[in-house]
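Colleague: Below, each chain spelled out in residue letters.
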Amino acid sequence: MKIIVCVKQVVDSEATIHLAQDTISWGDSPFILNPFDEYAVEAGLKLKDLHNAEVIALGIGKPGETDALRRALAMGADSAMQITVEDPSKMDTLSAARLVSAAIEKIGDVQLVLFGRQSLDSGSGIVAAQTARTLGWPLLGYIGKIDLEGDSIMAERFLEEKKLTIKSHMPAAISVVQSIGEPRYPSFIGIKRAQKAEIQVMPAAELGNYPDGSRLLHDSFALPLKKTTTCEFITGDSSSELAEKTVQKMMERKIL
Amino acid sequence: MKCMVYLETLGGKITPPSAEALGAAKQLGETMAVISGLSASSATGDAFGYGATAVAVLNTLQNEEFVAEHFCEAIAPFIRDQKPDLVLFPNSFECRELAGMLSVDLDSPIATDVVRIETRGETILVERPIYEGKAFEKIALGEGIKLVTLRARAFNQPELSAASNGTIFGIDMAAKRMVEVLAKSEAQGGVSLSSAKVVISGGRGITNCKQLAGDETASAKRGLILLEELAETMGGAVAGSRAIVDAGYLPYSHQVGQTGKLVSPDVYIAAGISGSIQHIVGMRSSKLIIAVNKDPEAPIFEVADLGVVADLFEYLPALNEDLKKKLG
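Top to bottom, those sequences are chains L and A.
Read in order, the letters of the first sequence are residues 838 to 1093 in this note's numbering.
Read in order, the letters of the second sequence are residues 71 to 398 in this note's numbering.
Next up, chain L with everything else stripped away, as it sits in the complex:
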C-alpha cells in the first residue's frame, strides 16, 4: 500500500517578521516542517507500522528547499519527492492541489493521501479538500483516528463541538488533526539517513497545470497594529480586593 503525506516547509513560529517595501522577511530564522503536517507524517508512520505501507513524503517548493521533506524522512518516511516550482508565490491553493493530484496520478497506485489540517504560513486549510475533489476521491477531514480494513476506512472526525465516526473507502484523502498522537522524534540514524537521501524531483511544468497565479493577485502586506498599552498591574492585599479592582477596570472599559 502506498501512502502519500503532503508536507510544507514554513518559517518557524519564533521568527520575527519584518516588512519593508511590501516584502516580508524573517532574518535568518530556520525553516521547519509545518507543525500541522507533523501529525500527518505521524499518521502515515502509524499506518506503516500496522499495515506495512510505503510512506512517501511529497512537497512543493523551490529547487533545493528540502528541509521539511528531510524532516519527514528522518521521522521514518521511506522516500521523498519534490514538485519544483520557480516562484511559489505565484501559486494559489487550487494550483497546489492540482499539482499534488497530477503527481499522485503520475506516481500511481496510491491508496491514501494525508495532509495536516492547515499550514502555519498561509493558513488556508483547504488543499486537502481541493485535492480530494480534483482526484474524485472521498475526503475524510479533521481525522484523529484511522482504522483500515481491506479497502474500507473507519475514522474519527473531530469538529469544533462534535466528534463523528465516519466510514469510506480507499483511495481517499485524509486531513489529520492532533488527536492522532504526538509526532515521533527522529532517531539519530533517521537524521543521518535523511541528510544523505536523494529526493526525487518532479518539475511542475512536467505535471501540466503549471501555476499561473491569475486567480489571486497580491495587493499588499501589512503588519498588525502594535499594542501601545503596557500591562497595567492590579495590586491589592487580598484576592477579593484584586477581583473587585479587576471588575472595576472591566466596567471602566465598558467590557461588561
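Honestly, the hints are just simulated from the structure, not real lab data.
Here are the simulated DSS-like cross-link-like pairs (lysine-lysine), alpha carbons at most 30 Å apart as the crow flies:
1. 982(L) / 331(A)
2. 394(A) / 1091(L)
3. 839(L) / 246(A)
4. 1082(L) / 291(A)
Guided by the hints, dock chain A onto chain L, whose structure is given.
Modeller: Frame of chain L; chain A shown alone:
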C-alpha cells in the same frame, strides 16, 4: 453585486458567524442565502430577517450529517445557474471543506479566514492573516465566482428585522454518497470557542494547586471547574494552552495557540499561562487581555492589558463572586 451566503445552523438557529457573513454580504449587494436541511424551517425566516432577499434550502434527508462532497455535488450546479459574483461562508471546518471543493468545481478564486472585504471599482479585495496573524495580506480576487470564508467576529452581526418572507428555492441532493456517518457525539451546550465574546483560558498553572500539593490531576480538575464557573458567569467559552490539552485535561478543539485555534474575543482571561510565543499568536488580537499568574516575570504580562500577580485558585473564585454580584 450579486452575493450568496452559505448559512450554518445550530439547534435550528443561524449561527453568529453565519449571520455576520450575511451582514457582510448585504453591504456589497443583493444577497441570497443557502441553508441546509430540516433545521431550515425556522432559520429561513431569520435569514430574511437578517437581510437575505431569497433563500435556497438544501433538501437533505432526515438527520443527514454534513459531508462536504455531498453538499458540494448539490450546491455547485445551483451556484453555476445563479452566477453570483461572490459566495461568502463562515470559516468553520465544514465550510472550509465545502468552499475548497466548490473552488475545484467552479474553478474559482478562493480565500479563507478573511477579516476585511473592500471593493475597488469592479475588483473585490480581501485581507487575511498570514504567519499566524503576524502579518496580513491583501489580495485581489481574479476572474470567476469568488469564494470567501470569513473569520468569526471580524464582521458585525446585522440586526434581526421582522421581515420573514421572500423567494424560496429548493436544491436537491445528488444520489451519490462517498462518506457514511456512523455515529456522532456532541458537546452539550457551551459556547463555540472561535465565536465566543469571552474566553477563559487555563495553562500549566491550573495543575498546581497549593492545597492539593503534588496532585496534578486533582488540581487540574479543580482548576477547570473554576474556569467553567467563570465562563458561565461571563457567557464565555473555556480554553487551554497546549500543555493542558497535551496532558488530556481538555479536548484539542479547545486549544488556543499555534497548533490550535486563533481567537479574538472581547475579553481573554489567561489563568496560569506563562505565555509562550506559540500561545500568544493564538490570542494576542483579543480586545482586552487579563493575565493572572503567580510569577510577575511571566511573558504573558508583555501582551496583557491587565495583570494580576496572584494564586489563580484564590483569585478566580473571588473574581467570579464579584462578577456575579455586579452582573446581578
